[in-house]
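**Student:** Below are the chains, spelled out letter by letter.
There are 2 protein chains.
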Amino acid sequence: MQPKPAAILPLATAYYSYLYRKELVSNILPFWQNHSKDEVNGGFFTCLDRAGNVYDTDKFMWLQGREVWCFSYMYRHVEQKEEWLDMALHGARFMQQHGRDEQGNWYFSTTADGKPLVQPYNIFSDCFATMAFAALDKINPNDEWKKIAVDTFENIIRRRNNWKGHYSKAYPGTRPLKNFSLPMILCNLSLELEHILGSDRVNEFVPEVIHEVMEVFYQPEHGLILENVNPDGSFNDSFEGRLLNPGHAIESTWFIMDLAKRMNDPVLIDKAVTILLNTLEYGWDKEYEGIFYFMDIKGAPPQQLEWDQKLWWVHVEALVALAKAYALTGNERCAAWFEKVHDYTWKHFRDDEYGEWFGYLNRRGEVLLSLKGGKWKGCFHIPRALYQVAATFEAI
Amino acid sequence: MQPKPAAILPLATAYYSYLYRKELVSNILPFWQNHSKDEVNGGFFTCLDRAGNVYDTDKFMWLQGREVWCFSYMYRHVEQKEEWLDMALHGARFMQQHGRDEQGNWYFSTTADGKPLVQPYNIFSDCFATMAFAALDKINPNDEWKKIAVDTFENIIRRRNNWKGHYSKAYPGTRPLKNFSLPMILCNLSLELEHILGSDRVNEFVPEVIHEVMEVFYQPEHGLILENVNPDGSFNDSFEGRLLNPGHAIESTWFIMDLAKRMNDPVLIDKAVTILLNTLEYGWDKEYEGIFYFMDIKGAPPQQLEWDQKLWWVHVEALVALAKAYALTGNERCAAWFEKVHDYTWKHFRDDEYGEWFGYLNRRGEVLLSLKGGKWKGCFHIPRALYQVAATFEAI
Chain A
1 MQPKPAAILP LATAYYSYLY RKELVSNILP FWQNHSKDEV NGGFFTCLDR AGNVYDTDKF
61 MWLQGREVWC FSYMYRHVEQ KEEWLDMALH GARFMQQHGR DEQGNWYFST TADGKPLVQP
121 YNIFSDCFAT MAFAALDKIN PNDEWKKIAV DTFENIIRRR NNWKGHYSKA YPGTRPLKNF
181 SLPMILCNLS LELEHILGSD RVNEFVPEVI HEVMEVFYQP EHGLILENVN PDGSFNDSFE
241 GRLLNPGHAI ESTWFIMDLA KRMNDPVLID KAVTILLNTL EYGWDKEYEG IFYFMDIKGA
301 PPQQLEWDQK LWWVHVEALV ALAKAYALTG NERCAAWFEK VHDYTWKHFR DDEYGEWFGY
361 LNRRGEVLLS LKGGKWKGCF HIPRALYQVA ATFEAI
Chain B
1001 MQPKPAAILP LATAYYSYLY RKELVSNILP FWQNHSKDEV NGGFFTCLDR AGNVYDTDKF
1061 MWLQGREVWC FSYMYRHVEQ KEEWLDMALH GARFMQQHGR DEQGNWYFST TADGKPLVQP
1121 YNIFSDCFAT MAFAALDKIN PNDEWKKIAV DTFENIIRRR NNWKGHYSKA YPGTRPLKNF
1181 SLPMILCNLS LELEHILGSD RVNEFVPEVI HEVMEVFYQP EHGLILENVN PDGSFNDSFE
1241 GRLLNPGHAI ESTWFIMDLA KRMNDPVLID KAVTILLNTL EYGWDKEYEG IFYFMDIKGA
1301 PPQQLEWDQK LWWVHVEALV ALAKAYALTG NERCAAWFEK VHDYTWKHFR DDEYGEWFGY
1361 LNRRGEVLLS LKGGKWKGCF HIPRALYQVA ATFEAI
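Just so you know, the sequences run in chain order A and B. 1 is the number of the first residue of the first sequence in this note's numbering; add one for each residue after it. 1001 is the number of the first residue of the second sequence in this note's numbering; add one for each residue after it.
Next up, chain A with everything else stripped away, as it sits in the complex (with noise of 0.2 Å):
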């Protein structure tokens, strides 16, 4: 690494711009590319270690899907280069052959050769299944990838009100708390199929989601975003009423500036910004520095023992809403913030010796497990946040 120029202006955008595009184009990508790749079955294995050695052989399908996605918007965004097409026709031939069930769902996890191992529980996996082939057919379009992009959306949008189905464990009626998540998605989600859906839906579909997030989820007497809510919106207090998941309300900053840059709304940006930074505030770690992974609104012991730990997506998010509010707002508050979440980030994260970033550090920000990519860690939230950072800093 250079060392970094002395701040002069608030901050060094050329620098972070150069930094992070060449970290995602010599570190990130290739890492995956070089390992990912399953080339007896199709594929991608994600279970890596430090090094890049496959330790476990189950595919998880949203993992599959998200990394689909990232070779295809970064041949788009960054370069054409027909290794990343390969890498994203790859992932996407497995997953067509062997992710859904009959009904159209996508399964959690399949054997190495696409035997179905977890069932569709889990409507995420949806998600990310739609944004990968909604951006392949941006780069390589096909009715194929068309249509499995349009039945999956239409999929989550029917089962959107009760998408755990019979896995639901909540006794119905007691107490019916809206998550967070799925809104949240789904404001990143139809951006990603407008070429497909058109901008009429789009834009019918945006001002539902960003009231959601801003108006039901949003607790205006904190400041904060809470995960789970009464459905008029108002505080539950319950060990899921009072969660606080500050890197998911840190990452819906973003989604949501996206959406009030493309609807011209400076009022709605600042509102972003404005949780953005209460949400810092509030989810840094003043004793060992970093992001908490949970906490309790009223200070209550929170139910996840992973509650102190520090992860990478956490972590890279909060850089990438950061970029974009001071490069919205050039609010000096954002660069100060931006610094200091990029020195702890790099300084942590990043694996100087066997490349790509840890993804799992305990309280004190020392590595809690060493493995590149798991269950959970895939080729996506590193890649996204590194390109995002760069095109928003060179695009001031």
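Keep in mind the hints are simulated off the structure, nothing from the lab. Where is the CB? At the ideal position from N, CA and C, for every residue including glycine. Accuracy of the hints is not assured; some may be wrong.
Claimed, not checked - Distance condition first, Cα-Cα at most 27 Å in a straight line; then the derived DSS-like pairs of lysine-lysine:
id: 1; chain 1: B; residue 1: Lys1146; chain 2: A; residue 2: Lys375
id: 2; chain 1: B; residue 1: Lys1375; chain 2: A; residue 2: Lys115
id: 3; chain 1: B; residue 1: Lys1286; chain 2: B; residue 2: Lys1298
id: 4; chain 1: B; residue 1: Lys1178; chain 2: A; residue 2: Lys115
id: 5; chain 1: B; residue 1: Lys1298; chain 2: A; residue 2: Lys164
Unchecked claim - A few chain A residues that don't get close to chain B, going by computed Cβ distances all over 12 Å:
id: 6; residue: Glu194
id: 7; residue: Leu197
id: 8; residue: Asp200
id: 9; residue: Val267
id: 10; residue: Thr274
id: 11; residue: Glu281
id: 12; residue: Lys340
id: 13; residue: Glu366
id: 14; residue: Leu368
Assemble the complex: chain A is given as a structure, and chain B must be docked to it using the hints.
**Tutor:** Here is chain B on its own, set in the frame of chain A:
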């Protein structure tokens, strides 16, 4: 605490039995009596903060069952205190009134006033309900308690091969693993119900359970017990198949020692003690002390982000197993391990300031969550272990 006498004998059993019994009756049981009783709705609060204040009012049925069992058991074995019988009846009445669905399956949780919240997806609620009503019936014989215990036990036996029912996420047939938890608990459960089921039924049941634990889940080439195996007991190279849960394996060794003692089978005792010592050697954290929560037998990264944490139940169950192993065999390695685990446990888990013990420590043995009770920690492992260690050493 009194200073520990110098170890002239291999183990100062009189000192330990005094210490453990005193801790049980002067610290642990009073804490739950004083803080967990819901005087308004009946039943027990189990979400208690460091000082015993209620931070959440949901009622987790398996923890209700465990607390009823505990006060019933202590009334029978420690002292016939009227207030302990009252505690047991207080919890049993709430369970009887609010705990089951129409098929007699036990809900996972209810609201404070007994409205069902989480469906009976988890058969361990049923296991602890059976134990609770069987134990209560021993001190307060009543056909209603017997009937609940027997009906629930028969329900468990009926459901045992497919207890997750429609909540199971596994695709049928692809990877049909057997899980260790239910055989292990049944091993203990059958003995608790002997006065109701009759010795013939128990004697018919016991060899099957011993076979499962000691032949199917035990892996001779490693000398360890795995959490999940192929139906024929062979190793399955997957996240689930590679998983070790040292606390679980250790706890099972004292259930087996109890059965082996009953059957007067010294070979089985020796095998259980060997597995206990193997598991401690393997699961002990050589860097920071304490026993790991989860490990991967091939050294791959476990899925469980909490893998390196130190949990109360793991350590107190190890103390019970070591006390029993020492009492049965006089093995000096058991004495040495008992002292080592005792010193770690009493130093790190016990809360000298507010009473009761902490449940969750990080790898370094620092308190991770200061709660005394929650969704998974209640009035069970610590009092049971304190009693078992004291009684075991007193009987030498």
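**Student:** Each hint: holds or not?
**Tutor:** Hint by hint, here is what the structure shows:
1. B:Lys1146 to A:Lys375: 45 Å, violated
2. B:Lys1375 to A:Lys115: 36 Å, violated
3. B:Lys1286 to B:Lys1298: Holds. Lys1286 (chain B) to Lys1298 (chain B) sits at ~18 Å (cutoff 27 Å).
4. B:Lys1178 to A:Lys115: Judged against 27 Å, a Cα distance of about 19 Å means the pair holds.
5. B:Lys1298 to A:Lys164: 34 Å, violated
6. Glu194: With a cut-off of 12 Å, Glu194 (chain A) remains clear of chain B, as the shortest Cβ separation is near 33 Å.
7. Leu197: Correct as stated: the minimum Cβ-Cβ distance to chain B is 31 Å, above 12 Å.
8. Asp200: 38 Å, holds
9. Val267: Label holds. Min Cβ-Cβ 37 Å, cutoff 12 Å.
10. Thr274: Non-interface label stands for Thr274 (chain A): nearest chain B Cβ at 29 Å, farther than 12 Å.
11. Glu281: 23 Å, holds
12. Lys340: 24 Å, holds
13. Glu366: It is violated; Glu366 (chain A) is separated from chain B by about 9 Å at its closest Cβ, not greater than 12 Å.
14. Leu368: Violated, because the least Cβ-Cβ distance between Leu368 (chain A) and chain B comes to about 7 Å, which does not exceed 12 Å.
Hint check: violations occur at hints 1, 2, 5, 13 and 14; the rest are consistent with the structure.
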